[in-house]
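Each chain is listed here by its residues.
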Amino acid sequence: MLSQFGFILLFIVGAFLMLAGILGMARLLRPDKPNDQKLLSYESGENAEGGSLVSFNIRFYVIALIFVLFEVELVFLFPWSVVFGDKQLIEQTNGLWGWFSMAEMFVFIFILSLGLVYAWAQGHLDWLRPDQKVNPFKSEIPSDLYENINKKYS
Amino acid sequence: MEAVLIIKGIIILAIFALSLGIAAYETYFERVVAAYIQDRVGPDYAGPAGIFQPLADAGKLFFKEDFIPALADKSLFILGPSLAMLTALLTSAVIPFGDSFIYEGQKILVQGIEVNIGILWVFGIVSLGVYGILIGGWSSNNKYSLYGAIRAASQNISYELAMGLAIIAILMMTGSLSIRSMVEAQHGFNWNIFYQPLGFIIFLTCSFAECNRTPFDLPESENELVAGYHTEYSSMKLGLYLFSEYVNMFISSAVIASLYFGGFNYPGMDWVYSKFTSIWGATVGHNWATVIGICVLMAKIFFFIFLFMWVRWTLPRFRYDQLMDLGWKALIPLAVLNMIITAAAQLSGKPLWIGLILTLIIMLVIFLPAIKKRTVKA
Amino acid sequence: MDILGLLKNMTITHWSFYIVSMLTLFGALGTIMSKNPIHSVIYLILTFFSLSAHYIMLNAQFLAAVNIIVYAGAIMVLFLFVVMFLNLREENEELPKNSILIAASIVGGIIGITLIAAIRQTQIEKVNPYSFNTKTGLVETLGSLLFNKYLLPFELVSVLFLIAMAGAVMLGKREKGERHF
Chain A
42 MLSQFGFILL FIVGAFLMLA GILGMARLLR PDKPNDQKLL SYESGENAEG
92 GSLVSFNIRF YVIALIFVLF EVELVFLFPW SVVFGDKQLI EQTNGLWGWF
142 SMAEMFVFIF ILSLGLVYAW AQGHLDWLRP DQKVNPFKSE IPSDLYENIN
192 KKYS
Chain B
5 MEAVLIIKGI IILAIFALSL GIAAYETYFE RVVAAYIQDR VGPDYAGPAG
55 IFQPLADAGK LFFKEDFIPA LADKSLFILG PSLAMLTALL TSAVIPFGDS
105 FIYEGQKILV QGIEVNIGIL WVFGIVSLGV YGILIGGWSS NNKYSLYGAI
155 RAASQNISYE LAMGLAIIAI LMMTGSLSIR SMVEAQHGFN WNIFYQPLGF
205 IIFLTCSFAE CNRTPFDLPE SENELVAGYH TEYSSMKLGL YLFSEYVNMF
255 ISSAVIASLY FGGFNYPGMD WVYSKFTSIW GATVGHNWAT VIGICVLMAK
305 IFFFIFLFMW VRWTLPRFRY DQLMDLGWKA LIPLAVLNMI ITAAAQLSGK
355 PLWIGLILTL IIMLVIFLPA IKKRTVKA
Chain C
30 MDILGLLKNM TITHWSFYIV SMLTLFGALG TIMSKNPIHS VIYLILTFFS
80 LSAHYIMLNA QFLAAVNIIV YAGAIMVLFL FVVMFLNLRE ENEELPKNSI
130 LIAASIVGGI IGITLIAAIR QTQIEKVNPY SFNTKTGLVE TLGSLLFNKY
180 LLPFELVSVL FLIAMAGAVM LGKREKGERH F
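Residue numbers (the numbering used here), protein chains in the order written: chain A, 42 to 195; chain B, 5 to 382; chain C, 30 to 210.
Worth flagging that the hints you see were computed from the coordinates, not collected in a lab. Note that CB positions come from ideal geometry on N, CA and C, so glycine has one too. Hints may be right or wrong, so weigh each one.
As the list claims (entries may be wrong) - Below, a list of computed lysine to aspartate or glutamate pairs in the EDC-like style, where the Cα atoms sit at most 20 Å apart:
hint: 1; chain 1: A; residue 1: K79; chain 2: B; residue 2: D70
hint: 2; chain 1: B; residue 1: K64; chain 2: A; residue 2: D167
hint: 3; chain 1: B; residue 1: K333; chain 2: A; residue 2: D167
hint: 4; chain 1: B; residue 1: K64; chain 2: B; residue 2: E34
hint: 5; chain 1: B; residue 1: K333; chain 2: B; residue 2: E214
hint: 6; chain 1: C; residue 1: K64; chain 2: B; residue 2: D77
hint: 7; chain 1: B; residue 1: K78; chain 2: A; residue 2: D77
hint: 8; chain 1: A; residue 1: K74; chain 2: B; residue 2: E188
hint: 9; chain 1: B; residue 1: K12; chain 2: B; residue 2: E108
hint: 10; chain 1: B; residue 1: K111; chain 2: B; residue 2: D274
hint: 11; chain 1: B; residue 1: K68; chain 2: A; residue 2: D167
hint: 12; chain 1: B; residue 1: K64; chain 2: B; residue 2: D48
hint: 13; chain 1: A; residue 1: K74; chain 2: B; residue 2: D70
hint: 14; chain 1: C; residue 1: K178; chain 2: A; residue 2: E145
hint: 15; chain 1: A; residue 1: K79; chain 2: B; residue 2: D77
hint: 16; chain 1: B; residue 1: K78; chain 2: A; residue 2: D73
hint: 17; chain 1: B; residue 1: K64; chain 2: B; residue 2: E249
hint: 18; chain 1: A; residue 1: K174; chain 2: B; residue 2: D325
hint: 19; chain 1: B; residue 1: K111; chain 2: B; residue 2: E188
hint: 20; chain 1: B; residue 1: K12; chain 2: B; residue 2: E118
hint: 21; chain 1: B; residue 1: K68; chain 2: A; residue 2: E145
hint: 22; chain 1: A; residue 1: K79; chain 2: B; residue 2: E69
Claimed, not checked - Pair by pair, the computed Cβ-Cβ distance ranges are:
hint: 23; chain 1: C; residue 1: E184; chain 2: B; residue 2: Y107; range: 49 to 57 Å
hint: 24; chain 1: C; residue 1: F46; chain 2: A; residue 2: D77; range: 48 to 56 Å
hint: 25; chain 1: B; residue 1: L341; chain 2: C; residue 2: E184; range: 18 to 26 Å
hint: 26; chain 1: A; residue 1: W140; chain 2: B; residue 2: A303; range: 36 to 44 Å
hint: 27; chain 1: C; residue 1: V188; chain 2: B; residue 2: P337; range: 17 to 25 Å
hint: 28; chain 1: B; residue 1: L372; chain 2: C; residue 2: I192; range: 36 to 44 Å
hint: 29; chain 1: B; residue 1: W357; chain 2: A; residue 2: F151; range: 22 to 30 Å
hint: 30; chain 1: B; residue 1: S352; chain 2: C; residue 2: M199; range: 17 to 25 Å
hint: 31; chain 1: C; residue 1: A146; chain 2: A; residue 2: W140; range: 46 to 54 Å
hint: 32; chain 1: A; residue 1: Y187; chain 2: B; residue 2: W357; range: 56 to 64 Å
As the list claims (entries may be wrong) - Every beta carbon over 10 Å from chain C, so not counted as near; a handful from chain B, in silico:
hint: 33; residue: L124
hint: 34; residue: T287
hint: 35; residue: L356
Taking the hints into account, I'd like the entire structure generated from these sequences.
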């Protein structure tokens, strides 16, 4: 088995070499004439205002926290899913093993779902929606004018 | 030892070449499909029917000047796209592209590496995939890039959970973490899609989100964020980002095909195998049967690549709150439900029936509104 | 000590162990030496990745995968988020005062010496390579152990998660009237 993982190492090294090859080749081929104007940060053609350090909604952080918790839960589910359908164990216990492991996992998932429901109820999974406002502008041109034109040329 | 090393080296090189070659031609297919859907001609200038377009594009990327913004973090600016490409390539190591070739009495698996944590490796590398975008976006020192990076990270981690839960439902059926044994369990026409229709839909949606493809391409939505995380990138570094998206698309198509659509299995494969071995003998016949299996897998992969493109040119982009709602409030509860149903189905001893009934229900839920609308119109 | 002879006798396992160890140490040193916090986080990811390689060499494959998924994949994303939130881009050239530096190095040195002494004193149980179960680190073994012998701790873990989740939710809680942006 170790040799198989050795090949993963080989794979990683190979990928690195290939990346270095591609970037190195591009470096050799491309022109390189930087000037101050070219190296400015892009901001829709204007000079960049202020730093790029913009503040973020705290929601992103809370989502990441909840994500870490669920990821750990997932990791616990992996060994369970492997032994869940184990024929040998099921036979040894007259089929009890399956129900037993399922019940175990239900308790586990149920408690975690409570956490998700709690975060949901607290509104941490809600993102701000854009307000849709009706534009109060009223055109002086009557709308049937357009319809007449459409009729005329259709 | 030496011979094995050389063979493995060749396989690794072949997988890299395959990933990159297919990724290059995916860009061409993308344009052709887009052109077909939008009733245009598409690329037709470089070579007959424009088939040399990818080469021209790659050449252009090599010859373009590369700027690194003065305020950017130089080392990280280079590391970002490299990581994106690296994570895209590494996933392909564990995917079984075919059964095996017999060469001088030795069985050589058509697979980079056969490990018994295959699916965990894929999952782990996918979870590392965030960094390419996050680091690239941060190091550019550009507001748009940073917004794109944060969005990408948040989106990827949200959909990773549902993806993992869908994978667990598959694992419960096979009881092994090795992708090869998962594929072998789907021998013939015993594909997982019949047992796991809900899981398939969840996994497909999540892989769209993980690849940052439309309708989930908010990290690079051009009408809000210019080009998102790769706003400041140019030349081959931009090329690596764009390429990694297409490599990811190829790999995730391969994973979907292996997990849900039987990988290199196809109905009637035993018959073909016995025919081939009786015509050409055990060794050559086996090798030819493997070749057919590889072709079948490739056909499945191309179908999913086409699906990716079809969806891209059909659906509009989500809003961010819709994206997060879909991930957290729809897919994760559905994935948990899917897991419970799978557990019950496995224990009841009739997983196939439950899977088929589930398929029917899903079909009804998806298509009933459309049918109703049509009848009302008529 | 004949270093050349030693090098010649090293098997491929030795080589990979030394290379991976060097990578791990490089990452760990980079984590504490780099001034830019983002660089630190990236070095830390490298450290976790090479630690996973160590796990694989010990045939603990599941642990290796979990280390990549949870530590390198999930927790480090959180770290990156935090660093980005804190806006620590400007490198703080100003080092803390000399007295603090000296105190810190003395404390660190003492802890290091204590640890080394403690490790030298402890007798590590030798593993018999013939009776050792090589499947110890595999996921199947772990699964059946977790759901038979260690069932109660496992279920308690879920309660711990719930508490952590509640904590996370409380962290993100806003006072009424606070600005949403």
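Comparing the hints with the structure gives:
1. This hinted pair checks out: K79(A) and D70(B) have alpha carbons roughly 10 Å apart, not beyond 20 Å.
2. Of the supplied pair hints, the one linking K64(B) and D167(A) is violated, its CA atoms being roughly 44 Å apart against a limit of 20 Å.
3. Taking the CA atoms of K333(B) and D167(A), the gap is about 9 Å. The hint holds against a cut of 20 Å.
4. For the proposed pair K64(B) and E34(B), the alpha carbon gap of about 18 Å is at most 20 Å, so the pair holds.
5. Taking the CA atoms of K333(B) and E214(B), the gap is about 17 Å. The hint holds against a cut of 20 Å.
6. The straight-line distance between the Cα atoms of K64(C) and D77(B) is roughly 13 Å, inside the 20 Å bound, and the hint therefore holds.
7. For the suggested pair K78(B) and D77(A), the alpha carbons sit about 16 Å apart, so the restraint of at most 20 Å is met.
8. Straight-line distance between C-alpha atoms of K74(A) and E188(B) comes to about 55 Å, which puts the hinted pair past the 20 Å bound.
9. Taking the CA atoms of K12(B) and E108(B), the gap is about 15 Å. The hint holds against a cut of 20 Å.
10. At roughly 19 Å between alpha-carbon atoms, K111(B) and D274(B) fall within 20 Å of each other, so this suggested pair holds.
11. Our distance criterion of 20 Å between C-alpha atoms is broken by K68(B) and D167(A), whose separation comes to about 43 Å.
12. Distance check on the hinted pair: K64(B) and D48(B) sit about 17 Å apart at the alpha-carbon level, within 20 Å; holds.
13. For the given pair, K74(A) sits about 9 Å from D70(B) by alpha-carbon distance, which is consistent with the 20 Å threshold.
14. For the given pair, K178(C) sits about 13 Å from E145(A) by alpha-carbon distance, which is consistent with the 20 Å threshold.
15. The suggested pairing of K79(A) with D77(B) holds, with an alpha-carbon distance near 16 Å, which does not exceed 20 Å.
16. Annotation: proposed proximity of K78(B) to D73(A) holds, straight-line Cα distance about 15 Å (limit 20 Å).
17. For the proposed pair K64(B) and E249(B), the alpha carbon gap of about 18 Å is at most 20 Å, so the pair holds.
18. A C-alpha spacing of about 18 Å is found between K174(A) and D325(B), which places the hinted pair at or below 20 Å, so the restraint holds.
19. A hinted pair counts as satisfied when its Cα atoms are at most 20 Å apart, and K111(B) with E188(B) qualifies at roughly 16 Å.
20. Under the criterion of a C-alpha separation no larger than 20 Å, the hint pairing K12(B) with E118(B) is consistent with the structure, at around 12 Å.
21. Taken as a hint, the K68(B) and E145(A) pair is broken in the structure, with Cα atoms around 59 Å apart against an allowance of 20 Å.
22. Note on K79(A) and E69(B): the hinted pairing holds, with a Cα-Cα distance of about 10 Å set against a maximum of 20 Å.
23. The hinted range of 49 to 57 Å is satisfied by E184(C) and Y107(B), whose Cβ atoms lie roughly 51 Å apart.
24. For the pair F46(C) and D77(A), the supplied restraint of 48 to 56 Å holds, since their beta-carbon distance comes to about 49 Å.
25. The hinted window of 18 to 26 Å between L341(B) and E184(C) holds, with their beta carbons roughly 21 Å apart.
26. Between W140(A) and A303(B) the CB atoms are about 41 Å apart, so this pair conforms to the stated range of 36 to 44 Å.
27. Between V188(C) and P337(B) the C-beta distance comes to about 21 Å, which sits within the given range of 17 to 25 Å.
28. The hint said 36 to 44 Å for the Cβ distance between L372(B) and I192(C), and at roughly 43 Å that hint holds.
29. Distance hint check for W357(B) and F151(A): the Cβ-Cβ separation is about 27 Å, which falls inside the suggested range of 22 to 30 Å.
30. At about 41 Å, the beta-carbon gap between S352(B) and M199(C) misses the expected band of 17 to 25 Å.
31. Taken as a hint, the range 46 to 54 Å holds for the pair A146(C) and W140(A), whose Cβ atoms sit roughly 53 Å apart.
32. Distance hint for Y187(A) and W357(B): a CB-CB separation of about 58 Å, consistent with the stated range 56 to 64 Å.
33. Against chain C, the non-interface label of L124(B) is violated: not every CB pair exceeds 10 Å, the least being about 4 Å.
34. The non-interface label for T287(B) is consistent with chain C: the shortest C-beta to C-beta separation is roughly 31 Å, beyond 10 Å.
35. Under the 10 Å C-beta cut-off, the non-interface status given to L356(B) relative to chain C holds; the minimum distance is some 25 Å.
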